[in-house]
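Colleague: For the protein sequence lines, the chains are C and V, in the order given.
Numbered according to numbering that gives the first Met the number 0, the first sequence spans residues 0 to 338.
Numbered according to numbering that gives the first Met the number 0, the second sequence spans residues 0 to 160.
Read the hints as simulated data drawn from the structure, not as lab findings.
Honestly, I wouldn't trust all of these hints.
[What the hints assert, rightly or not] Using 30 Å as the maximum straight-line C-alpha spacing, the simulated DSSO-like pairs for lysine-lysine come out as follows:
hint, chain 1, residue 1, chain 2, residue 2
1, V, Lys68, V, Lys157
2, V, Lys38, V, Lys157
3, V, Lys11, C, Lys334
4, V, Lys41, C, Lys27
5, C, Lys130, C, Lys27
6, V, Lys68, V, Lys130
7, V, Lys130, C, Lys334
8, C, Lys95, C, Lys24
9, C, Lys27, V, Lys84
10, C, Lys168, C, Lys24
11, V, Lys157, C, Lys168
12, C, Lys24, V, Lys113
13, V, Lys41, V, Lys130
14, V, Lys157, C, Lys336
15, V, Lys38, C, Lys27
16, V, Lys38, V, Lys130
17, C, Lys95, V, Lys145
18, V, Lys58, C, Lys336
19, V, Lys113, V, Lys157
20, V, Lys130, C, Lys171
21, V, Lys113, V, Lys151
22, C, Lys215, C, Lys168
23, V, Lys58, V, Lys145
24, V, Lys41, C, Lys327
25, C, Lys334, V, Lys145
As the structure is a prediction and not an experimental result, all values here were calculated from the model.
Listed here are the chains, written in short residue letters.
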Amino acid sequence: MGGDTRMGTEYTHPIRNVRYLRPQKEWKEIIAIYLYLAGMGAGSYVIGTLLNWFVHPSRVLSIWGLPFDFAKAAILWGPILVAIGAPFLILDLGIKRRFLYACLNPRTSWVARGFLILSIFIVFGLILLAKSVLPFEWLHAESTFWYIAEVVTIAFAFATALYTGILLKATKSIPLWNTYLLPLLFLVSALSTGSMAIILSTLGTSLLSLDATALKILMGGEQILVVIEGIVLFVYLSRRYKASEQAKDSVRLLLFGEKKLLFWGGIVLLGFIFPVVLESISSLSHGNPVFIFAAGIILLCGGFFLRLGVLSAGIREQIPMQRLMEIKYELRTMKMKEN
Amino acid sequence: MEQKVLVVDQQKCTGCRLCELVCSVHHTGSSNPSRARIKVVKWEHVGIYLPMICNHCEKAYCVEVCPTKACHREADNNNRVVIDKNLCIGCRTCIVACPFGHPFFDVQERVTVKCDFCDGDPKCVTFCDPKAVTYVDADMIQVAKKREAANKFIDSIKQLR
């Protein structure tokens with residue numbers, strides 16, 4: 000946009016200016032919180048279950064004479080986050096009391112499918128969390144049933160993390176979202192924020208701290224995930240920039256337009272640069288928990304801003320009628336110049 | 000059954016927005032254009048006005064994404080796409096999905112609303128003086144366009160003579 004200068008003000012294309020950089024306004028912060036908590040909860044459950052399978056962390060504490068395993072609570076609390084996130088979707092509805100209707104059309108609607116995926120994950124996840132933490136002997140009997148339940152729940156956790164991206168991808172008229180890279184980006188972000196949520200919860204109190212090896216594996220994995228997330232974000236934005244005119248507008252809006260503070264400050268600085276720098280300082284200072292804490296909180300904020308940024312920069316595909324308007328406007332201005 | 004559709008002739012639209020007013024009166028009982036099912040997009044400085052209507056698309060995204068089946072097609076009623084107010088939860092997914100930005104969120108009723116052809120007698124058509132919005136048989140749209148093109152061709156031949 001912009002070309003010649005008249006009276007010191009920048010000349011802007013009036014029609015394009017209306018259409019340009021005008022993102023959707025229907026889904027805002029509440030949906031971003033929902034996507035973020037659902038993604039982070041599901042990601043942390045995936046990481047936590049893998050940790051549980053391969054490292055078997057355990058820290059049994061006695062309360063009222065009963066032995067509760069708090070290490071399990073610290074790594075498997077993802078479903079609680081998803082359960083907190085789901086009401087945000089209800090909060091965004093016009094008529095909240097009808098929220099149960101949202102599962103009536105799973106044949107074609109991703110909102111309905113998501114409702115079912117999240118519900119199943121929350122129920123199964125909470126049952127398994129209770130099973131791992133509660134001190135009842137009969138719950139801990141090794142059986143194929145529990146193993147299958149864990150596999151099913153981890154599959155639904157993956158589905159939940161992917162769904163947060165697929166929900167947006169299903170909106171075909173917004174080219175910024177209509178790509179398979181978006182579910183991938185949200186999945187990687189879910190895993191990185193999820194692993195950081197586990198690190199924070201285990202560091203939260205020294206009582207719950209895992210053994211050093213587990214924490215080291217978790218930190219290493221989390222750093223790799225952050226790097227992968229950065230690469231996926233770069234590929235996503237560069238591919239979208241070339242995809243279509245409106246996708247290009249969306250990327251421009253995010254990188255150089257109205258949302259640039261959100262992108263450079265919220266996503267790049269808080270989501271990638273600060274956590275990496277702080278974690279490096281922490282590793283130099285022999286795992287100083289203060290730096291890890293700061294890195295964790297900042298990274299989690301970055302994860303939220305990533306969802307918010309992608310949501311708030313979604314510009315609709317141009318309809319043929321608007322293109323016609325543009326051509327008409329061009330013809331009119333050309334005629335005016337000729338006269 | 001013959002299918003009828005709303006057709007917009009943008010060149011005839013004067014931007015008076017009477018269609019918005021009568022639409023809101025008919026559907027809501029209040030003269031509040033922000034609650035209308037038709038929206039006139041205006042570019043005043045270049046004198047271009049574009050009434051935006053629902054196209055009742057063959058492959059309607061709003062129907063596809065609706066989680067409650069509130070937004071559905073009535074095949075036996077002019078093949079129109081309508082929203083059942085009693086099923087709508089106001090999630091606004093249809094608004095995000097529609098490439099024409101058509102379904103509108105009614106802030107008073109807290110549900111999404113859209114054009115339903117006023118059950119066969121569209122008020123926007125009845126009250127549009129310049130006839131910028133017409134309600135015609137779907138088959139006749141092409142005929143009208145062809146007639147218009149032929150008239151332009153005749154005019155240009157006349158000018159050459």
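Colleague: Would you mind marking each hint as holding or not holding in the structure?
Modeller: Each hint, compared with the structure:
1. V:Lys68 with V:Lys157: 55 Å, violated
2. V:Lys38 with V:Lys157: 38 Å, violated
3. V:Lys11 with C:Lys334: 21 Å, holds
4. V:Lys41 with C:Lys27: 26 Å, holds
5. C:Lys130 with C:Lys27: Not OK: Lys130 of chain C and Lys27 of chain C at ~37 Å, beyond 30 Å, violated.
6. V:Lys68 with V:Lys130: Roughly 34 Å between the alpha carbons, so the hint for Lys68 of chain V and Lys130 of chain V is violated.
7. V:Lys130 with C:Lys334: 27 Å, holds
8. C:Lys95 with C:Lys24: Status holds; Cα separation ~20 Å.
9. C:Lys27 with V:Lys84: 23 Å, holds
10. C:Lys168 with C:Lys24: Roughly 17 Å between the alpha carbons, so the hint for Lys168 of chain C and Lys24 of chain C holds.
11. V:Lys157 with C:Lys168: 54 Å, violated
12. C:Lys24 with V:Lys113: The hint holds at about 18 Å.
13. V:Lys41 with V:Lys130: Roughly 17 Å between the alpha carbons, so the hint for Lys41 of chain V and Lys130 of chain V holds.
14. V:Lys157 with C:Lys336: Distance of about 28 Å is within 30 Å: holds.
15. V:Lys38 with C:Lys27: 23 Å, holds
16. V:Lys38 with V:Lys130: Since the Cα atoms of Lys38 of chain V and Lys130 of chain V sit roughly 16 Å apart, the hinted pair holds (cutoff 30 Å).
17. C:Lys95 with V:Lys145: 50 Å, violated
18. V:Lys58 with C:Lys336: 42 Å, violated
19. V:Lys113 with V:Lys157: Violated - the C-alpha atoms of Lys157 of chain V and Lys113 of chain V are around 45 Å apart, more than 30 Å.
20. V:Lys130 with C:Lys171: 33 Å, violated
21. V:Lys113 with V:Lys151: Status violated; Cα separation ~35 Å.
22. C:Lys215 with C:Lys168: Outside the cut-off at roughly 35 Å; violated.
23. V:Lys58 with V:Lys145: OK: Lys58 of chain V and Lys145 of chain V at ~26 Å, within 30 Å.
24. V:Lys41 with C:Lys327: 14 Å, holds
25. C:Lys334 with V:Lys145: Roughly 27 Å between the alpha carbons, so the hint for Lys334 of chain C and Lys145 of chain V holds.
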